[in-house]
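Participant: Between the sequences and the hints, there should be enough to build the whole structure, so can you do that?
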Amino acid sequence: MRALTDPTPKIEIRGVSKSYPGDNSPVQALRAVDISIAEGEFVSIVGPSGCGKSTLLYVVGGFLNADGKVLVDGKVIHGPGTDRGVVFQEYALFPWLSVRNNILYGLERGGLASDERAKIADRLIGVIGLKGFEDRYPRELSGGMKQRVAIARTLACDPAILLLDEPFGALDAQTREVMQDELLRIWLETRKTVLMITHDVTEAVYLSNRICVMSARPGQIVDEFRIDLDRTIPREQLVTSDAFNKIRNQVWIAVRHQALAAETANAAI
Amino acid sequence: MQRSDRHSYLWSPIGRIIPLVVVGLIWQAAGTFRLVDPSFLPSPVRVAYAIADLLTGREIRDNLLVTLSRAAIGLALGSMAGVWLGLMMARSEVFRAYAAPIVGGTYSLPKSALIPLFILWFGIGTVTTVCAVFLACLLPMVVNTFQGVRSTPRVLIWGAEAFGTPPKGMLWRVFLPHALPDIFAGLRVALGFSFVLAISSEMVASTNGIGKLIFMYGENGAYDYMFAAIACVVVVAFLADRLLLIATDKCLRWHESSARRELA
Amino acid sequence: MMEKVASKRGLQLRSLISVLTIVAVWEAAARAGLASPLFLPAFTKVLGEWWSVCADGSLPGDLFTSLFRAAAGLLLATSIGVPLGIAMARNRLLHWMFDPVIALAFPSPKIAFLPIFILWFGIYSISKILLVAFACVFPILIGTFAAASALNRVWIWSAYSLGTSNFALLFRIVLPAAWPRIFAALRVALPVSLITTFTAEMVGGGGGMGATLMYSQRFFESPTVFAYILTMLAVGLLLDFIMLRIQQAFPAWSPGQ
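Residue numbers (the numbering used here), protein chains in the order written: chain A, 594 to 862; chain B, -7 to 256; chain C, 5 to 261.
Simulated from the structure, these hints should not be mistaken for lab results. Glycine included, every Cβ here is placed at the ideal spot set by N, Cα and C. Be aware that one or more of the hints could be misleading.
Calculated pairs, SDA-like style, for lysine to any residue (alpha carbon to alpha carbon, straight line, at most 25 angstroms) [as the list claims (entries may be wrong)]:
(1) B:Lys204 x C:Gly209
(2) B:Lys204 x C:Phe110
(3) C:Lys49 x B:Val166
Here are some chain B residues pointing at chain C (derived, C-beta under 10 angstroms) [as the list claims (entries may be wrong)]:
(4) Ala89
(5) Phe219
(6) Ala232
Facilitator: Here is the structure:
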C-alpha cells in the first residue's frame, strides 16, 4: 500500500532489458522489467535458476549497464554508489584483510575519526557475534561467519538500500535459518529498503513484504505477491501457520510453473 | 569479463600482427633517419636480406638442425627420465626420501653452471650439450610429475579400485592421466630450458650449432647475420612452443584448463 | 610438498644417508684413483679449495658481482613487468599492443640475444643486468597479467559500492588481490635471473661467478670448478628457501578463497 501513497519510490526499475553477446545471436537475459520499491520495503525476486535475477540486481547495483533506467530517490543511477550496499552469495570479503579491516574498509571514506571508525567496527563485530575473531582472515572463518562479516561490512557504510544476491545460498540449512533471523532482526531495527534475490521460496516468504516472480530467460516479472505476516512472532509459529503456508504454496506453484516452462523450452531446442 | 566487441578486428590474426609491424617500422625509421648507428643496429631490411641469404645457404639449416637434434635428444631423455623419477617419488615414500635431497638440491642449481664440468668430463661437442639439456629438462619434469601424481584425489583412486582396476593398471588408468596436465606444464618449461641450455652450451663448448654460429657472426662483426640468426631462433622457439600448446590442447580436451588455454 | 609421512625421523635419516653416500662415494672414488683428479677431485680437496678462494676474497667478490647483477636485473624486470601486466589486464588496447610481442618473445631463449647486448652495452655489468631484466620480465609480466585479469569481479564491485575510487582500486584491490600470484611469478623469475647471470658471464666474460668458473675450467683447475658449482648450488637453494619463507610468513597471500 505504501508504494501508492509514497510520491517517489526509493528504487524504481523502469523498462530494464539486458542482452549478452552470445555465440551466434545475442542472449536476452532481461526483458522490460518494471519494479517500484517503496522506502523501507523488503522485496524479493524469485525465479528458476538462470532467469537473470542476479543480472537485475547487478544492474540496480550499477555494476552492469542495461537498457532502460534505474532510479534511486528519483535520480537515474550511473554506476555503483555507497547508497546501495551489496551482499553477494560468494561473500566477496577481501581475503587479504582481517575481519576488522574488512569492516573498516568502507568507513574510511566517510570523514570519521579513526577512533570513531573503530567504535563502529567494534559494535558491528559484537552485533554479528564475532567478538574474538576480529584479527582472523576470511579463509579462517566458516561460511556463515564470512557472510556475517560481509553483511557487517555493508551495514558499516550505513547504506539506505541493501541489495542481497542470494546471500545465504552457499550456507547449510541450519546456518541459513539463523542468518535469516538475523537479517530479519536487522531489517526490523533499521527498516532499510531491501531488494533480495533468492531461489528459496520459504526464505522469500519468511523475510519479504512483497515477492516478484521472474520467468525463465528472458527474465520478466510475471507474478507478484504481497505478504502481510506478523514478523514479530517466533519462527516456529510463523512457519507452521496456515497463513504462511498458504502464501508459500502459492509462490512455490508460481515458481514451479516458470521452471517447468523453462524445461520444456530447453527441451524444444 | 566484460569484453567489448567493438574492436574485434584488432584481435583477428591480421590485427594482431599490426603491433609487430609497428615495431619493425620504428626500428627501420631509427636506422633510416640515423637515430642510431646502423652498425650497431642493422635495419630490418638488411636483416631480412641476411635472413634470405641464410635461408638459401646451408649454413643456418645445418647448424639449426644440429642444435635442434641436440635439444630434442636431451629433452626426450630428460622428460622420460623425469616422468619416471617423479612417478617413483610419488608412489614410494622410501624412494622419495632418498631422491628428495638430490632433486631438491639440483632443482635450484642454475643448470648452466654444470656446463664447465661436462666440458671437463666429455670435452667439447654434442655429449656436453645433450647432458646439459638433459639435466635442465629432467628436474621440472620430476617436480611436475610428482605433484600431479601426489595430488590425485583419493576418491578417484577408491573409485578405480572399486571397479576392480589392478594396482598395475592404476598407474596408466588413474595416476598418469591425472598427472597429465602437470606433465604437459612441465614439458613446456622443459622445452624452453632445452633451447636455452643447447644454445648457451654451444656458445661455450661447441664447434657447431646455432649458438656457436650466432656468436661467430658477432665476433666477426657480421651483425646483420647475427640478428638474422637470432631471429631464426626466436621463430623456431615460438613455433615449437605453439606446437606443444596445440598438442597439449588436443590431449587435454577433458581438462578444465582447456577453455582458459587461449594465450601465453 | 611436505605431507604427513609414516615416520618423519626415519625418512629424514634416509635423506641424510643419501646425501652422505654421494659424498662418501665421491671421496672414495677420487682417493682410490678410480677417476683422474682432473675429472673428479676429492670432496675434501674441493672443500679446501673452497676455503682458500673464500679466504683470498676471490669467491666472495665474484659472488657479490653476480648477485648484484641478478638482483638489479630482477628489480628492473619487476618494476617494468608488474605495472605493465596490471595495465594490460585493465586496458584492452594496451593488451592488444603488447600481446604479440610478448607471445613471440616469451618462448624465445633469451641467452641467444647475449651477443646483441654485448654489442650494445659492452661485456660488463650493464649488458648482464639488461639481459637478466629481459629474461625475467616475461614470466613476471605474464604472471601479473594473468593474476590481474582473473580478479573476482565481486571484489571489484564490492569495493565500488563501498566507495572506492578508480585510482584507489588499483592499490587497495587489484594489487593485493593479484599479489599471491605476482609473488609466485617472482619466485619463478628468481632462478631465471641467476641462471641468466651465470650463463651470460660464462659466455661473455666480464667477471663474476660464471666468468671465473669458465676460466678455471679452461685451465683445468678442477677443484675451483667444483667449489664454484657447489657455491652456486648453495646460493640457488638459499634464495629459493628465503622466498618460500617469505611466502609462508604471509598466509593472507596464499592463493585461494
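Participant: Against the structure, test the hints numbered earlier, and report the numbers of the ones violated in rising order.
Facilitator: 3
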